[in-house]
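Enquirer: Sequence:
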Amino acid sequence: MTEIHAGQRVAVLVDAQNLYHTAQSLHSRNIDYSALLEKAVQDRQLTRAIAYVIRADAPEEESFFDALVDIGFETKIKDIKTFSDGTKKADWDVGMSLDAVTLANHVDTIVLCTGDGDFSRLCSHLRHEGVRVEVMAFESSTAEELVGEADAFLDLGERHETFLL
Numbered sequence: 001m002t003e004i005h006a007g008q009r010v011a012v013l014v015d016a017q018n019l020y021h022t023a024q025s026l027h028s029r030n031i032d033y034s035a036l037l038e039k040a041v042q043d044r045q046l047t048r049a050i051a052y053v054i055r056a057d058a059p060e061e062e063s064f065f066d067a068l069v070d071i072g073f074e075t076k077i078k079d080i081k082t083f084s085d086g087t088k089k090a091d092w093d094v095g096m097s098l099d100a101v102t103l104a105n106h107v108d109t110i111v112l113c114t115g116d117g118d119f120s121r122l123c124s125h126l127r128h129e130g131v132r133v134e135v136m137a138f139e140s141s142t143a144e145e146l147v148g149e150a151d152a153f154l155d156l157g158e159r160h161e162t163f164l165l
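So the sequence shown is numbered by the UniProt record's numbering: it starts at 1 and just counts up by one.
Source of the hints: derived by calculation from the structure; they are not laboratory data. You may find that some hints are simply not true.
To be verified - In the BS3-like style, the derived pairs of lysine-lysine whose C-alpha atoms are separated by at most 30 Å in a straight line are:
1. K76 with K89
2. K39 with K76
3. K78 with K89
As the list claims (entries may be wrong) - So the derived label-pair ranges between C-beta atoms look like this:
4. S141 with L165: 15 to 21 Å
5. E3 with A56: 38 to 44 Å
6. S25 with T102: 29 to 35 Å
7. G72 with H5: 19 to 25 Å
8. H5 with E145: 24 to 30 Å
9. N30 with A90: 15 to 21 Å
10. D57 with D93: 19 to 25 Å
11. E3 with E62: 37 to 43 Å
12. R127 with E38: 22 to 28 Å
Ideal placement from N, C-alpha and C gives every residue a C-beta, glycine not left out.
Using the sequences provided together with the hints, build the complete structure.
Expert: This is the structure:
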């Protein structure tokens, strides 16, 4: 796959729930989304930056969503679903995958910010289509198959002073 160069068109897709829960469980800290976006783009041409978030009716979440927009992300928001047995579920796996496949014809590189192994097949497909795939996540909680399918992997845990608040 191609290396990084200034002319590359890049899309950055962030699984905010995955990164949030991992950063909290491993480091009891939050993600610095500004630093994340800056490193993901690396002086290339940003085509789209999308943060996939879940609305869980927490008081601070609207200011978080606004901050993401101020940083340069488009936010896609999904409400958490509560089932009759009390369990709750919300994820963006299908939405992120559809957006990545749609964007593949318009970018050279897609940066997936998630450690979720469900995206390994997506990586394989994108690479087959000629798109460079980079993954940014915490290695200790990232699926091996996801790392193996990516062209490049950046461990956020190795640079926690940069990527955590």
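Enquirer: Each hint needs a verdict: does it hold in this structure or not?
Expert: Going through the hints against the structure:
The suggested pairing of K76 with K89 holds, with an alpha-carbon distance near 16 Å, which does not exceed 30 Å. Proposed proximity of K39 and K76 is supported: the alpha carbons are some 21 Å apart, at most 30 Å. The hinted pair formed by K78 and K89 meets the criterion: a straight-line CA distance of about 10 Å does not exceed 30 Å. Separated by about 18 Å at the C-beta atoms, S141 and L165 satisfy the suggested range of 15 to 21 Å.
A hinted range of 38 to 44 Å holds for the C-beta pair E3 and A56, which are about 40 Å apart. Between S25 and T102 the Cβ separation comes to about 32 Å, which falls inside the hinted range of 29 to 35 Å. Taking the beta carbon of each, G72 and H5 are about 21 Å apart, inside 19 to 25 Å as hinted. Restraint check, H5 to E145: a C-beta distance of roughly 28 Å satisfies the suggested window 24 to 30 Å.
Between N30 and A90 the CB atoms are about 19 Å apart, so this pair conforms to the stated range of 15 to 21 Å. For D57 paired with D93, a C-beta distance near 22 Å keeps the hint of 19 to 25 Å intact. Between E3 and E62 the Cβ separation comes to about 40 Å, which falls inside the hinted range of 37 to 43 Å. The beta-carbon spacing between R127 and E38, approximately 24 Å, falls within the hinted interval of 22 to 28 Å.
Going down the numbered hints, you'll see the structure goes against none, and every one checks out.
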